[in-house]
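Undergrad: Residues per chain are reported as follows:
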Amino acid sequence: MAEPMTSNDASPGELVQITDKAFRVHTRAYADADIFRLEMTRIFGRTWVFVGHVSEIPDAGDYKTSYIGTQPVIVTRGKEGGIHVLVNRCVHRGAVVAREASGRADHFTCPYHGWVYGIDGRLQGIGLRRDGGYPDDYEAPQGLFTVPRVETYRGLIFASFNAAIGSLDSHLGAAKLAIDRKFNRSPQGEIELRSRPFVGRYRGNWKFQAENIVDGYHFLFVHAGFAKLQGRYGDSTGDFGVHKGGSVDEMRKIRGRGFAYGCRQGHGMLLTPAPSHMSLLEGEFGPYFRELRDQHGDDEFQWIAGSAAASIFPNLGLIHHQLRTWRPVSVDETEVTVYPFSLKGAPDAYNEGWLHSEERFYGPAGYGQADDVEIFAVNQQGLQGDAQPWLVLDRALYNEERVDQDDRRGNHYGETPQRAIWRGWKTLMSQP
Amino acid sequence: MKREMQTADIEQFLYREARLLDEVRLEEWLKLFTPDGIYWVPIDDSLPRNRTVSIIYDDALRREERVYRAMSVECASQSPPSRTVHFINNVMVDRVDGETFEVRSNQLIYELRAGDYRQVGLGQMRPIVATVDHRIVLSDGEPKIALKKILLLDRNGALGNLTFIF
Numbered sequence: 001m002a003e004p005m006t007s008n009d010a011s012p013g014e015l016v017q018i019t020d021k022a023f024r025v026h027t028r029a030y031a032d033a034d035i036f037r038l039e040m041t042r043i044f045g046r047t048w049v050f051v052g053h054v055s056e057i058p059d060a061g062d063y064k065t066s067y068i069g070t071q072p073v074i075v076t077r078g079k080e081g082g083i084h085v086l087v088n089r090c091v092h093r094g095a096v097v098a099r100e101a102s103g104r105a106d107h108f109t110c111p112y113h114g115w116v117y118g119i120d121g122r123l124q125g126i127g128l129r130r131d132g133g134y135p136d137d138y139e140a141p142q143g144l145f146t147v148p149r150v151e152t153y154r155g156l157i158f159a160s161f162n163a164a165i166g167s168l169d170s171h172l173g174a175a176k177l178a179i180d181r182k183f184n185r186s187p188q189g190e191i192e193l194r195s196r197p198f199v200g201r202y203r204g205n206w207k208f209q210a211e212n213i214v215d216g217y218h219f220l221f222v223h224a225g226f227a228k229l230q231g232r233y234g235d236s237t238g239d240f241g242v243h244k245g246g247s248v249d250e251m252r253k254i255r256g257r258g259f260a261y262g263c264r265q266g267h268g269m270l271l272t273p274a275p276s277h278m279s280l281l282e283g284e285f286g287p288y289f290r291e292l293r294d295q296h297g298d299d300e301f302q303w304i305a306g307s308a309a310a311s312i313f314p315n316l317g318l319i320h321h322q323l324r325t326w327r328p329v330s331v332d333e334t335e336v337t338v339y340p341f342s343l344k345g346a347p348d349a350y351n352e353g354w355l356h357s358e359e360r361f362y363g364p365a366g367y368g369q370a371d372d373v374e375i376f377a378v379n380q381q382g383l384q385g386d387a388q389p390w391l392v393l394d395r396a397l398y399n400e401e402r403v404d405q406d407d408r409r410g411n412h413y414g415e416t417p418q419r420a421i422w423r424g425w426k427t428l429m430s431q432p
Numbered sequence: 001m002k003r004e005m006q007t008a009d010i011e012q013f014l015y016r017e018a019r020l021l022d023e024v025r026l027e028e029w030l031k032l033f034t035p036d037g038i039y040w041v042p043i044d045d046s047l048p049r050n051r052t053v054s055i056i057y058d059d060a061l062r063r064e065e066r067v068y069r070a071m072s073v074e075c076a077s078q079s080p081p082s083r084t085v086h087f088i089n090n091v092m093v094d095r096v097d098g099e100t101f102e103v104r105s106n107q108l109i110y111e112l113r114a115g116d117y118r119q120v121g122l123g124q125m126r127p128i129v130a131t132v133d134h135r136i137v138l139s140d141g142e143p144k145i146a147l148k149k150i151l152l153l154d155r156n157g158a159l160g161n162l163t164f165i166f
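Protein chains in written order, with this note's numbering: chain A, 1 to 432; chain B, 1 to 166.
Among the hints, a few may not be true.
[What the hints assert, rightly or not] Now the stretches of chain B that chain A is said to cover, found in silico as 3 or more residues with beta-carbon under 8 Å:
#1 34–46
#2 51–57
#3 63–69
#4 75–84
#5 119–125
#6 159–166
Calculated directly from the structure, the hints in this document are not laboratory data. Remember, it's a predicted structure, so these values are computed and weren't measured experimentally. Here a beta-carbon is modelled for each residue, glycine too, at the ideal position from N, C-alpha and C.
Start from the sequences, fold in the hints, and give me the full structure.
TA: Okay, structure coming up:
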């Protein structure tokens with residue numbers, strides 16, 4: 001184990017120390033504002049970042065505003081159907097040009113001096129251009145800065161400032177499995193964002209949320225109160241069979257049938273088969289489940305009907321029937337948005353059941369998420385005690401398997417997914 | 001048996017409800033609702049129920065569960081628990097239909113979690129500003145809440161911990 005670092009100029013990659021027996025992360029990786037600034041260029045400025053879903057911008061002229069790290073962007077659907085990701089900053093003097101969260105437009109006008117941009121970002125007009133302020137042959141800038149790479153996977157839109165980055169497909173790697181299994185619950189294989197999202201903020205670093213969404217270890221501690229609630233109320237208040245098992249022990253048993261997975265690209269996953277997938281075929285939504293079973297086969301069906309959670313590095317989460325994104329605001333402030341999704345082609349009552357289950361566990365008054373974000377703030381505060389600055393992420397390291405080149409598979413209650421996130425972090429932060 | 005309520009009676013009823021919440025007499029608060037009453041904190045009240053999540057949408061059983069959690073379940077977000085003080089203003093009876101009263105009030109609710117004020121999230125006063133619609137019905141002469149809808153001023157933005165009853 002390395003000595004605790006005292007100098008700020010050490011290579012940031014060394015903030016993650018990995019040996020066969022120990023996996024340690026330095027406090028500065030969560031708490032140092034200089035490291036945060038470096039993350040914005042080395043991670044968010046360099047890799048694929050989730051910016052939205054196609055169902056948010058179905059038609060030409062539709063747009064939503066989003067972020068790549070701390071850079072504000074506009075995600076638009078162009079006239080020819082393509083997706084543009086544009087930096088939301090007038091090229092003239094830098095004001096924000098799109099101030100709505102979403103909408104439809106055929107152009108964006110800067111509120112400061114009236115510069116006008118098309119939905120593809122190209123400059124269309126300059127306020128009072130012909131009043132003598134500019135020569136006739138004035139070479140105006142092209143338009144809004146266009147993020148050079150935009151690709152989608154099953155409707156998820158990712159963008160990258162790094163023109164030379166490899167394909168989104170190779171970036172997602174094995175994490176496509178979690179996306180596929182979730183979206184394959186739709187007989188058409190497609191999801192839609194129709195609900196309003198839950199939006200929250202917490203006083204803590206963004207990586208707490210990235211780690212926590214795939215943390216099988218915390219559930220039975222942070223959510224022990226929720227397990228007690230489940231023991232008493234079960235499905236009667238709208239859980240919709242999402243949290244199976246009436247006690248901490250029972251929940252532990254069901255979850256233990258699954259496994260954790262760490263992708264070399266920095267993604268973590270928890271995958272668990274359905275505990276009683278055959279009974280689904282005869283239940284209230286039997287015809288729907290039988291259709292899925294016929295489409296995908298018995299073996300794959302038990303995973304599709306099971307549970308999958310993923311933390312897709314750096315800013316996308318999938319769990320339950322929701323997409324979640326976390327936006328780094330500063331080293332110790334993060335915004336989290338939970339977008340419940342519906343499955344195209346699934347029965348309305350099935351989608352509605354899930355929607356109201358999300359409502360029970362998530363959101364600012366929910367019985368789960370509020371406890372998680374409370375812990376994130378407590379975690380950030382605890383890091384002030386940095387006399388011994390290394391965090392310990394050794395759980396189930398000793399029996400983790402290396403699979404498919406450099407991915408890892410481990411115990412559901414281990415820290416395999418968290419280590420994957422930190423491996424991805426280390427790789428990017430080590431490159432100047 | 002009372003068949004009508006004056007504005008002053010309605011105000012007193014709202015104050016009484018607020019006092020039960022501030023004094024954490026939640027079992028008594030539950031009894032203020034009709035059996036099919038709804039306690040609702042929407043994000044977007046223009047969308048139908050099957051289309052969007054709400055911050056809270058509680059029928060009788062969900063209300064009972066919320067109270068049970070507040071009173072009997074240990075959880076990080078309410079350890080220590082919230083204290084509240086409600087201020088109720090601008091009470092207007094918008095509509096009277098037989099024994100049903102549609103009442104609007106503005107509410108300013110201060111919330112604080114006591115305990116070691118040096119700990120993050122504790123000892124910090126937070127204002128919650130809302131327009132509140134009550135549908136009050138007379139049941140055997142007793143006023144009961146058929147609907148309490150809390151329209152938070154900041155419902156579209158990033159919200160903090162709302163795991164207490166307000």
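Undergrad: Taking the hints in turn, state whether each one holds.
TA: Hints and how they fare:
Proximity of the region 34–46 of chain B to chain A, defined as three or more residues with a beta carbon under 8 Å from a beta carbon of that chain, is established by the 3 residues found. Using a Cβ-Cβ cut-off of 8 Å, 7 residues of the region 51–57 of chain B lie near chain A, which meets the minimum of three, so the contact claim holds. Given a C-beta distance limit of less than 8 Å, the hint that chain A covers the region 63–69 of chain B holds, as 3 residues qualify and 3 suffice. As drawn, the region 75–84 of chain B meets chain A at 3 residues by the rule of a beta-carbon pair under 8 Å; at three or more, the given contact holds.
With 3 residues having a beta carbon nearer than 8 Å to a beta carbon of chain A, the region 119–125 of chain B meets the requirement of three or more and the stated coverage holds. Counting residues of the region 159–166 of chain B whose beta carbon lies closer than 8 Å to any beta carbon of chain A gives 5, which meets the minimum of three for the stated coverage.
Checked against the numbered hints given earlier, the structure satisfies every one of them.
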